[in-house]
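K.L.:
Single-letter residue listing:
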Amino acid sequence: MKRAWRGVLFAVMAVSPLLGAYAEQPAASAEKSKEDLFYMEMPQVTVASKVSEPWITAPGTVYVITADEIKRYGWRNLGDILRHAIPNTDESNTLNYRQYGQRGFYSNGSNTLLLMDGREMNAMSGGTVMINNWYLPLDIERVEVVMGPDSSVYGSSALDGVINIVTKHGRETKEDIDTKEASVSLGDTGRYQYEGTFRTNRKDFSIGGAFSYFTGRQDWKDLAQFAVDTHDYRRSHFNTNTKGITVFDNDPTNFRMEEETFALRLNMRYKDFYAGVNLNKASNYSGMEYAFYGFQDNHQNRDDTHNYIGWKHEFENSLALRFEYQYSYYDSKFLVDSNDATNLSTATSFKDLVRTQTNTARNEAFEHKLLTTAEYQLGNHHLLAGFDYWTRYDRAGSLSPSGATFPLIDEGYMGDTASGRLYRDGLYAQDSWQVTEKFKLVAGAHLDDERGEAAKRFSPRVALIWQPLTNSVFELGYGEGFRGPLAGEIKRNNAAGGYGLEPQSMKMYELSYNQLFKLAEKWSGSNQISLYDMNLVNRIVTSTGVSFTGSATQLSINGNGIRTRGLEDLFKVTNGDFNAFLGFRCISPTREQPATTAADSVILWVPRMKTQLGVSYKFFNMVEAALTADYWSKVKTAANVINAYYQPATGIPSEMYTIDEHWTANFNLNLGEFKVENATLLVSLYVNNIFNDHYCEASWAGTGSFNPIQYMQLPRNYWLTAKMKF
Amino acid sequence: MNKSSEDPFYKRIPFAGKFSRQKIILILLAGYCLFSSGLVYSQNVAIVSSRKISFFADTVNGIKKVLAADNAGAAIDIFYSDDSGYLDQLKAKKYDVICPLGAAAAKDVIGEFKDVAVVFSLVIDPVQAKIVRSLGPSGSNFCGITLMVGAKIQVEMVKKIIPGLKKIGIIYEGASRSFYDEMNALDGLTIKAQEVFTDTKVPSAMVSFNRDNTDVFWVVLDGDIYNRDSLAYVLNYSTSHKIPTMIFSSNMVKAGALMSCVYDYHDLGVQTGEMILDVLKGKSPAQIPVATPRKLGYALNVKIAEYIGLSIPSSIVQSAAEVYR
Chain R
1 MKRAWRGVLF AVMAVSPLLG AYAEQPAASA EKSKEDLFYM EMPQVTVASK VSEPWITAPG
61 TVYVITADEI KRYGWRNLGD ILRHAIPNTD ESNTLNYRQY GQRGFYSNGS NTLLLMDGRE
121 MNAMSGGTVM INNWYLPLDI ERVEVVMGPD SSVYGSSALD GVINIVTKHG RETKEDIDTK
181 EASVSLGDTG RYQYEGTFRT NRKDFSIGGA FSYFTGRQDW KDLAQFAVDT HDYRRSHFNT
241 NTKGITVFDN DPTNFRMEEE TFALRLNMRY KDFYAGVNLN KASNYSGMEY AFYGFQDNHQ
301 NRDDTHNYIG WKHEFENSLA LRFEYQYSYY DSKFLVDSND ATNLSTATSF KDLVRTQTNT
361 ARNEAFEHKL LTTAEYQLGN HHLLAGFDYW TRYDRAGSLS PSGATFPLID EGYMGDTASG
421 RLYRDGLYAQ DSWQVTEKFK LVAGAHLDDE RGEAAKRFSP RVALIWQPLT NSVFELGYGE
481 GFRGPLAGEI KRNNAAGGYG LEPQSMKMYE LSYNQLFKLA EKWSGSNQIS LYDMNLVNRI
541 VTSTGVSFTG SATQLSINGN GIRTRGLEDL FKVTNGDFNA FLGFRCISPT REQPATTAAD
601 SVILWVPRMK TQLGVSYKFF NMVEAALTAD YWSKVKTAAN VINAYYQPAT GIPSEMYTID
661 EHWTANFNLN LGEFKVENAT LLVSLYVNNI FNDHYCEASW AGTGSFNPIQ YMQLPRNYWL
721 TAKMKF
Chain X
727 MNKSSEDPFY KRIPFAGKFS RQKIILILLA GYCLFSSGLV YSQNVAIVSS RKISFFADTV
787 NGIKKVLAAD NAGAAIDIFY SDDSGYLDQL KAKKYDVICP LGAAAAKDVI GEFKDVAVVF
847 SLVIDPVQAK IVRSLGPSGS NFCGITLMVG AKIQVEMVKK IIPGLKKIGI IYEGASRSFY
907 DEMNALDGLT IKAQEVFTDT KVPSAMVSFN RDNTDVFWVV LDGDIYNRDS LAYVLNYSTS
967 HKIPTMIFSS NMVKAGALMS CVYDYHDLGV QTGEMILDVL KGKSPAQIPV ATPRKLGYAL
1027 NVKIAEYIGL SIPSSIVQSA AEVYR
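Residue numbers (the working numbering), protein chains in the order written: chain R, 1 to 726; chain X, 727 to 1051.
Chain R with its partners taken away, still in its complex shape:
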């Protein structure tokens, strides 16, 4: 801890000479303030109901995190943003592909819908929301998050919630339209992050683009050592832990994780026409799995490309129409490597350890979507309707041992030889009715047809919004969400006669209160409180080991409801120089994981209470220091589930533990903005986990899928960023 404070002190001292220079700059003139007001735009959100509206009266609980907040607190990727700024989120997996959920629900196949500028970005294999390094902060204008199901306008996957990343390169506003920014970041363990974004607009034509590149060779020796020391819930290679159970042993010197991620975005508009592409590429060698599984690792390559072209027109009679066609392509190569461990002492890279690839798998998916939307204002009714057509063709293959190529040996997926093609039609309508001055009623529904692969799904939503005062809003809502079966989940038991899989679905009742307030002169803020009851049915969980070509039952359907109630709150206050937020959640799962029952599956594997605090202060109108602190209450977790994979006869899970409550803190220092030629330079220092606390939470949610750790706090690490705005 002393080392951390020394580092911070040094950083402050290093920049102190700059403070005086900046303090001499004149304050903004009254005219400048008037101009700022003249060109200012009011913030709106679109994620809640696909129409632009103020967040305070948007149906449901909607959180908005702005680019200013991201810069202020130094969050480095979408994972940081969601973890620290949203009061009721959860995530699984650890350092590479973080997978995300809300209000205690999450899984490897995520049930949250991730949008970028309103377009779905969930990975097509498994529907996973990958929140880590594909979405870096420079291009993010704001992040809008809907808590709870919202399938009434979005259809499938909006089960736990919806995230919409509004980008700078794709913005449609006139404010700061000619933007060029670039940044480079350097972190511990060889992490580099390069980003760029631009948008330029002329009368009828505009173009924007962004790129990001992340590379890291994250040899977290401290973390590996920690994993070894905490025998209670580690899974190592063939050893006996303190509970007397045979688990795997682990050599901390072997802990490696390498990652390379690239993203490219492009968006063009000419009058009413627009087109664009979002491309993501990632390559991972995940040493976390290596640390816990001995001589094996995940080596994954993923390509994910989304192309779109569309037309949007606003007619003079209050009618707006949009047609959009999307084509997406996904390709993942999954290698389960092994080695003979002969070079453990000399290896400098995790890749050096790999000797043979005992199994490989490849999954390709092609997806076509046709989306239509119509908006119409009829008196006090704002009507929204649309029809979506969606089809996807999945194919997967496995090959052992691996070669240079990955021939697709099975058109179909995971043993289903009939077809890998899915279809879905969706028809939806919504009325946002301003009933009286103070009451608004939002009602809508989505009807989805899986073309015989699954039952038709009807997802309604009703929200009554009462605004007794202009700055206070009460909402009472009911909503449903669902996630249609993925290619690997349909026709699961064809051999036994087959059945249409009932989709996972969520029902939610919610009461929320949103308020804008003034505390005193120059002090203002907002508060959002939500009380909810959520009920998940037909949860799909893994119950036995996964084999890509296995004929055994691979998924089990938990038909019983998984119900939770919760309370969450997000409080923000500012006076311009001082900013703070306080997030809080308390959830009440109705069941916990039985220690030895396989069939009941995992329900909630998350801390019941979480608190997030952020405080920042801007000195001399230049240097801004920010501190964020997170608290998790104790949590029960399972361990050694991997035994079930290798020793199915013993039953799963084998152990259950309680991890103590935990808290961690991060620090960010923005060293002001300096003029450098024709650009503005911002330098910032981010210290992650300044007190170097360890936190490890094991999971069995990914039994057999090589994801034993849900969340792990990295050892203290530093992150230096230089950002240029041209």
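Just so you know, not all the hints are guaranteed correct.
Stated by the list, open to error - Okay, the calculated bits of chain R under chain X, using three or more residues with CB under 8 angstroms as the criterion:
| # | region |
| --- | --- |
| 1 | 150-156 |
| 2 | 376-390 |
| 3 | 434-444 |
Read the hints as simulated data drawn from the structure, not as lab findings. Beta carbons are placed, not taken as given, at the ideal position from N, Cα and C, and that holds for glycine.
Mind docking chain X on chain R? Use the hints.
P.N.:
Structure of chain X alone, referenced to chain R:
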């Protein structure tokens, strides 16, 4: 006899007899192209923009269009007042006219250059910004165009939307007092005003306005009392109480106000370019009064109009510069 020597066309041009008509036309065209391509510009103009936004870009394009169309031509360099060292760059080259866009650039340039003609534009209130003492001729090396439009013109525009306009509600403070006074002096209007001193007092002042005592609520451009929070309050309040709002910018119309005046930024550029041309051709900037925009349009939110039960003539909606639905 050479045919060309009898041709009146050739008689007007020295040495014309040595060339065919086609060759002369080609030479003149080449000269024109050379001239217009900027290689032989005789005059230099610098444009300094305070903001990198589309409105300013449209204005720059308008200026370029006018200067390019003039036979004399002028070399144009673009600067941004956010960039450090731009004043040094301006000093390093001899400019005949410097054209700052926006208040920040105008204050910088006028403060720094006393012997170069300055034509400013896109300045909202040059008097309050202490760029000029009045809107008359400056008597110095600068002139320009303000975005400030008188209350009378704006009221006339509102009357086309609300023909029976009699009662106007307004919240103001010191900086916007002059606009209130100007409006108060107009005949046939009753002004219901609330004076406040900070943005935090806006909500409590706002509750005194209702549909009975206010035909339109006027949101003045005053950064001391209006910010995102107080504007959100005003827009929510006026909509829920079905009070039409006249506001200062189209961005706020998009956010929920009923209407605003909007400028044609390209035409503002053309207007600015014409003023620059006058100066380049010898007119003294000291003699030119501050001009106002010659084209004004409407920004309308028809969704709000429908909600508050106001019928806007379709001809106005069709001719509006910006319509939000």
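K.L.:
Decide, hint by hint, whether the structure agrees.
P.N.:
Outcome of the hint check:
no.: 1; hint: 150-156; in the structure: violated (count 0)
no.: 2; hint: 376-390; in the structure: holds (count 4)
no.: 3; hint: 434-444; in the structure: holds (count 3)
The structure fails to meet hint 1 from the earlier list, while all remaining hints are met.
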